[in-house]
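Given chain A, put chain B in place with the hints provided.
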Amino acid sequence: MNISLRQYYDILARYLRPQKLRFALLSLLVFTSIGMQVINPQVMRQFIDDATHGKSLHILLMSALLFVGIAICQQILSVSAAYVGEYVAWIATNGLREDLAKHCLYLDMQFHHEKSPGEFIERIEGDSLEFSNFFSQMVLRVAGNILLLTGILIAMFRVDMKLGAFFTVFAIITLLGLNMVRGIAIPFQKAHRDAATDFFGFLEERLSGTEDIRSSGAVGFVLRRLFELMTKIYRLWRKSALTQIYVRMTAGLLLMCGIGVAFVLGSQLFHDKIITIGVMYMIIHYTGLISQPIRELTQQVESLQNIGATVERMGELLRQNSTISEGEGANWPVGIPLEIEFKDISFAYHEDKPVLKNLSFKVEPGKILGLLGRTGSGKTTIARLIFRLYEAQSGDILLNGDSIKRATLDELRHRVAFVTQDVQLFQASVRDNITFFNKDIPDETIIEVINKLELADWFESLPEGLNTRLQTGGRSLSAGEAQLLAFTRVFLRNPGLVILDEASSRLDPATEQMVERAINHLLENRTAIIVAHRLGTLKRADDVLVLEHGGIGEYGNRLELLADENSHFYTLHQTGLEEVMV
Amino acid sequence: MTYQDEIMPDSEFSNKRSIPTWKIIWRLICFKPWIFISNLLAMFLLMGAWQIPGLVIRQFFNQLTSSAPAEFGVWTLVAFMFASELTVISGVFWLTLTNVPFFVHSLTLLRHNLLRHILRRPGASSLPDSPGEAVSRFRNDALEMPLFALWMNDLLGSIAFCTVALVVMSRINAKITIMAVLPFIIVGIVANFAMKKIEMYRRASRKASGIVSGFIGELFGAVQAVKAATAEKEVITHFHNLNEERRVISLKDRLFNEILRSIFMNATNLGTGIILILAGQAMREKTFSVGDFSLFVFYLGFISELTAFVGLLIARYQQIGVSADRMHRLMEGSTPEALVEFIDTHLDGSLPEVTYSKESEFGPLQELRAEGLSYTFPNSENGIRDVSFTIPRGSFTVITGRNGSGKTTLLRVMLGLLSKDEGKIFWNSNEVENPGEFFVPPHSAYTAQVPRLFSDTLRDNILMGMDKNDDDIYAAMFTAVLEEDLSQLDEGLETRVGPKGVKLSGGQMQRTAAARMFVRDPELLVFDDLSSALDVETEKKLWERVFQREGATCLVVSHRKAALRSADQIIVMQDGRVDAIGKLADLLETNDELNRLWHGVVEKEEGAEEE
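Going down the list, the sequences are from chains A and B.
Each residue of the first sequence is one higher than the one before, counting from 1 in the numbering used here.
Each residue of the second sequence is one higher than the one before, counting from 1001 in the numbering used here.
Keep in mind the hints are simulated off the structure, nothing from the lab.
Remember, it's a predicted structure, so these values are computed and weren't measured experimentally.
None of the hints are false.
Straight line, CA to CA, 20 angstroms or less: simulated SDA-like cross-link-like pairs of lysine to any residue: (1) B:Lys1197 / A:Tyr83; (2) A:Lys357 / B:Ser1487; (3) B:Lys1233 / A:Arg493; (4) A:Lys439 / B:Thr1237; (5) A:Lys115 / B:Gln1224; (6) A:Lys367 / A:Lys539; (7) A:Lys362 / A:Glu391; (8) A:Lys20 / B:Arg1247; (9) B:Lys1252 / A:Ile91; (10) A:Lys357 / A:Asp344; (11) A:Lys115 / B:Asp1456.
What the simulated footprint calls covered on chain B by chain A, stretch by stretch (three residues with Cβ under 8 angstroms from a Cβ of chain A suffice, anywhere in the stretch; the number is not a length): (12) 1231–1243; (13) 1247–1257; (14) 1340–1347; (15) 1453–1464.
Label-pair restraints from in silico Cβ distances: (16) A:Pro333 / B:Ser1374: 55 to 63 angstroms; (17) A:Asp272 / B:Trp1075: 12 to 20 angstroms; (18) A:Asp564 / B:Asp1592: 34 to 42 angstroms.
All C-beta atoms, glycine included, are put in the ideal place defined by N, C-alpha and C.
If we strip away everything but chain A, and leave its shape as in the complex, we get (with noise of 0.2 angstroms):
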């Protein structure tokens, strides 16, 4: 498998061009340090014949300074180069990071319920890692070795032009060979790396669930997967290794042809007295020389290998495109409740198994709709295809007598709300999990938004009011403390159209309480759909439907249902149960 060189330039040119003065700095000091490395070994000839001819010490101890003064220039040169290289990359990489976080983050449902994140943070993180190099050193290694090596070159020819021409034709067999290596061990890396993030997905969903792992006595068994897992990483690791050897090994075979040539050629034209001792001297030094080109070459073109896997990873991502397409605006009006109907809509996650069957009803504006269903019967499904996280295979949804389709997601998404029944949360601050994360909105307004839901009650149970840290997976709020902070993210973005999927029961009364008040408010002068778990809810609802099977087993005026003594909403009414349908 062979990545051709537009993809890497495409992303080196992407992320490179920004920072182009910077690039151009460090060009300049990667090349200038490598210029000093082909004079040094000019210096020392200069120094052997001096020494052998019996110059005088004066001038060869300015020999020996003139060294060491390159020797200190070099490394000052090349610890700018690795800070400046550094710099290059890291804002190359973060960007790459950025990007890929941003395609990911757009992609549909569909594609996020396959993965775990630990995966993302193995394709994002660990991918991004592997570009470093890529970005601050390797094309500048390549350009500056090539250089390198061309500079010797010339310096070959000057002493001889039969050495020349050897070392040249040397050169070019060298790298050419190095050049039909390169593919081998792609493949095998990827899927080593692949290995690696599948171990690394495993990880991270047991890290979230040890406590379901201890209770059900299952330690052993998880502890027998990482097993299995190492066991397909140490394979594919092996191969991988084995496979890059191939490269060093073509590169020191054909180093030692170009000792050989030296050797044979350099004793020659000594004993023809053409050189002297001094010159003989540094075309051995040359020779070693030379070997440092082609190893750095033959690094970066292991480098480019492994990134040759990971391009090649990165790319199947990138061309992952979401299913769902923007469309080119409805213009909905702002602060007045929308309208949504359903028309005979159907839906299947997986192609035989529907979810909704044609399916239509209709929320006139400021109405509110109840509803009801077993588990699995597709509410939360509802609320996902209005949102265009998922995509219906037919029928239509309108949301003022517009499809939604003709809308853009972001203007979608802002005239509509959806607040789920557990609220994620972000390890960062109470006010970036409202905001979540918009810097643009001050706090007044959003104590301002708390006060108007009447929670200033809640609000002041935390310690440090907008500044209080949250933890993840929801352990340091409860479930019906997630849904008020939930209500005010949503009440900052005046929707036209509120889903709401209710928390359920857990509630005590006092915070029960104080989700009916906030609830009052949120609805106000918006259309609604609730996702009921109680009566008490319910009984804000015009209209009642009841989902069956994905599709209406019961649907009508709340009032009227419930005055129909052979509805199933009566009966459910009737057995004097406290909840509902979840």
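Just chain B now, kept in the frame of chain A:
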């Protein structure tokens, strides 16, 4: 509410190590000594092969300048060079064949021990940081250790090489050779000064990396919420800021390391300069040939690499300590030595048998008794105090109370998921010393409020390694009211449920977790509030089926009337204490708190009907 006080205490920047770094490295070496020794031999072979080119080149020059008799033809010398290269290649091959196993064995050891102890720690659920952060310790920190161990071989090889070099050199010219040793001393002093700073930068840079990984994990764990909030841009901006912080810190780390490296290199370059001066004088006096000169320069390259390498090692030695500490922090309650406790790594493909004990050491449950259980959350006054109760075999006990009254805490303390401050637990009059180890199948099984599933098949999620046949699974699924859902799933038991079970609905996840519990057939069934994802009808059905199981003893957290009505006893919790214990009818007459809970819901229901 428990708030996190600090994400990562900076007070840990101390120099106190929980375990000496060398000990970890030594344990790793002792873990697979033969691979390690074989690796060392490969290194010696490699180093031996690397001696040859220098000697051959010296001979070549000495023959040219007639400083030595022409023993070998040019072609023979070329053949020597090829022989050395072939030896180098074999050495590299051998090294690879030992490097990789050493790495993987060590990694498996470290990762296994780390995971095992995380799964064992009291309060198994609370990792100090996000799971993503923890993954970075399994990844980066674990890699450091075998790498360092293998570097010991590089070091030994280099030292051997340089010793030979020094002997050869001093036999040629002792005075010049002594000068070559000087840079070592300088480097030693510099490295000692730099150590503390290296560690500080390293820690900071690792921490920043951990935060970035952690955020990626969180971000993609919450992707639906982010999409629903159209917060993609803001979230990416936040990600950008974290990245920037990390860049600045990492650059400092890198610059410092580079400067240090450069000091090593320059010290040796200076030494080379001195040698050049001395050699010049000797060459004029013909006591030092061009061949000797070439050999000295050849060796000096290696010596300079060794000095730089020693500096690097000293610096990295500190960093291993950092890594070990970071890993140990995840293993609360275990000794640091546990990290490097020997295990069978099973890399030959023979996977360990997963065994589940079937019999309880204290016999079948007759009575479970808790006496004076207390627990206070760190840095807060919340918790439970002095809780006592008795659960007879075959009974149905419901713990109820408002939010924050300590219901879940009580369950978790009893199960050892939080380690109790005070109190005793008795299983048939035998005291349970370590509830965390004891309250697992066959004694008990537990379904949390928000249970976790894993991206395996439904079967694996239910069994998790148990050796049961399909009928057992179906029976467990029936009790969990999952039979209808099963018929709807694509591939039945082989259906893959997706990461964290996302392909199932909330209720299905909860019931799968319940099935996971039933298939284990434990003496005691513990449920933490099923109502969050189960509708009343399903829950009712589930209880009916549970009661049909022989001798099923249940301990349940619930507010639901259905549960309260069928309870043999109700434990009413208020502010972390037991407010009352008794039957529903009695409590309704005597207990205010239960009345509040009971009627608080009733009033609302009536309100709904009045409308």
